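Enquirer: Letter by letter, the chains look like this.
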Amino acid sequence: MTRDDILKKIKPIFIKVLEHDNFELTYTTTTEDVDGWGSLTHMVIIEEIEKDFDINFKLLELMGMDNIGDLINSIKSNLS
Amino acid sequence: MFELTFDFSVVSFIFPLLAGASIYTVPRNSIKYFYIYKLIQKHRLTVLSLVPSIIHYLRPYFSEINAPQVRYCSFGGGALYNDIVEDWAKCIPNSVIFNYYGPTENTIYSSYYKINKDCKLNTIHNGVISIGKPLNNVTYIIVDDHNNEVADFESGELAISGGQLTPGYWKNDKKNKASFFFKKIDYELVRFYKTGDLCFKDNTGNYMFKGRIDFQVKIRGFRIELSEVEFHAKTKCTKKVNVVAIDVFNILGNAELALAIESEVFDTNEIMEYMKTKIPDYMIPAHIKFIQEFPYNSNGKIDRNKLRTYFKIENND
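Chains as they are written, first to last, in the working numbering: chain A, 1414 to 1493; chain B, 25 to 341.
By construction, these hints were calculated from the structure, which means they are not laboratory data. The reader is advised that the hints may include incorrect statements.
Simulated restraints on C-beta separations [as the list claims (entries may be wrong)]:
id	chain 1	residue 1	chain 2	residue 2	range
1	B	THR228	A	ASP1465	42 to 52 Å
2	A	ASN1435	B	ASN329	18 to 28 Å
3	B	ALA45	A	GLY1451	25 to 35 Å
4	A	ASN1480	B	ASP291	47 to 57 Å
5	B	PRO40	A	ASP1418	19 to 29 Å
6	B	LYS141	A	ASP1465	18 to 28 Å
7	A	ASP1465	B	GLN93	33 to 43 Å
8	A	TYR1440	B	TYR48	24 to 34 Å
9	B	ASP176	A	GLY1451	39 to 49 Å
10	A	ASN1480	B	ASN90	51 to 61 Å
Covered stretches of chain B, as calculated for chain A (at least 3 residues, CB under 8 Å) [unchecked claim]:
id	segment
11	84 to 92
12	135 to 142
13	159 to 165
Because the structure is a prediction, the values reported are computed rather than measured. Quick reminder that beta carbons are idealized off the backbone N, C-alpha and C, glycines included.
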């Protein structure tokens, strides 16, 4: 799965959790760019991604995520 | 990590400054649960001041957390459960852990309980750790509806007096009259603040927090302590999740008991069957709702009013 494929697959998860689609997801998107993406919703997004991709993030990975690009890199490395 | 409008924030920056220590803060837009651990690891933090919800969200990752340099860890701002502290203590094996209590009206800390290395020795009630004994120059009494003191082990409202007590709410006579009262203690008239917290004192002088007075609800004429319902639900719940009992109102205006569970949907039959063996019928929740993420207020406490909005009760059957 390419980084672009992962990006396409995670967007609906964000929409479902945040309950709106008024945002663009790019590799450089951060919590500041998306309404409602905060500490609590992030935990739910992570849980949903883990379920959807059947992966389990490590705490170290989660600590190092600063933007969507980092999130996608972690998903990709967990899938391989 | 606390809003500056929350009095706990004052302790968070004054304590370290008085000791000549560094303070590390959590940026507003960060994912605070992970950022806190990042700070602990990167800067080898030795003193932590947390609210219980932080360790609740870090709990799935406890097996990856090891911070032997932490010497002191204090909690405040909400009920602290013994089972999660027992697990958290393994992440900070060299730390002393304290549970602090203190309403803003008696700024900042009013009492504390030092948690035992062996958590099984902790003084707890319904799984919640004691709020300990009052600090020097702080007086606690437990009172009934008429501000009369009640006996040890008897539940009532915790009232506090002492030098830390606020002169009152700004231009709010009505609230001041409802919240403060005078009482003769050793021939001296002492001003007390009614905390709204339902507590009792045990025979060792430790105070136990049972919940908010307004978390006592009447269902079918019976007075129920919601924390007790939560305790029995959590006891049988194999998943380590937040469980909150609340009263919700049906279209006829009658209160019904509801249970909010912060989780994906799972089968609750076993929990309900267990509860029926432990508590009376009127304490069994009539409604259960799974909520992915509980709403919190700015003080890091679960927002029960918002939780109520998740329940739409169509009838009272």
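Enquirer: All the hints need checking, so say for each whether the structure fits it.
Expert: Right, here's what the structure says about each hint:
Between THR228 of chain B and ASP1465 of chain A the CB atoms are about 51 Å apart, so this pair conforms to the stated range of 42 to 52 Å. One distance hint, 18 to 28 Å for the beta-carbon pair ASN1435 of chain A and ASN329 of chain B, holds here, with the actual separation near 26 Å. Range check, ALA45 of chain B to GLY1451 of chain A: Cβ separation about 29 Å, and the 25 to 35 Å hint holds. Restraint check, ASN1480 of chain A to ASP291 of chain B: a C-beta distance of roughly 38 Å breaks the suggested window 47 to 57 Å.
Distance hint for PRO40 of chain B and ASP1418 of chain A: a CB-CB separation of about 47 Å, inconsistent with the stated range 19 to 29 Å. Roughly 41 Å separates the CB atoms of LYS141 of chain B and ASP1465 of chain A, a value that falls outside the hinted 18 to 28 Å. Distance hint check: the CB atoms of ASP1465 of chain A and GLN93 of chain B are about 37 Å apart, consistent with the given range 33 to 43 Å. TYR1440 of chain A and TYR48 of chain B have their C-beta atoms about 29 Å apart, which keeps the hinted 24 to 34 Å range intact.
Taken as a hint, the range 39 to 49 Å holds for the pair ASP176 of chain B and GLY1451 of chain A, whose Cβ atoms sit roughly 44 Å apart. Hint check: ASN1480 of chain A to ASN90 of chain B, Cβ distance near 27 Å, so the stated range 51 to 61 Å is violated. Closer than 8 Å: that is the beta-carbon criterion, and the segment 84 to 92 of chain B has 3 residues meeting it against chain A, so the requirement of 3 holds. Figure legend: the segment 135 to 142 of chain B, annotated as covered by chain A; annotation inconsistent (0 residues with Cβ-Cβ distances under 8 Å, at least 3 required).
Figure legend: the segment 159 to 165 of chain B, annotated as covered by chain A; annotation inconsistent (0 residues with Cβ-Cβ distances under 8 Å, at least 3 required).
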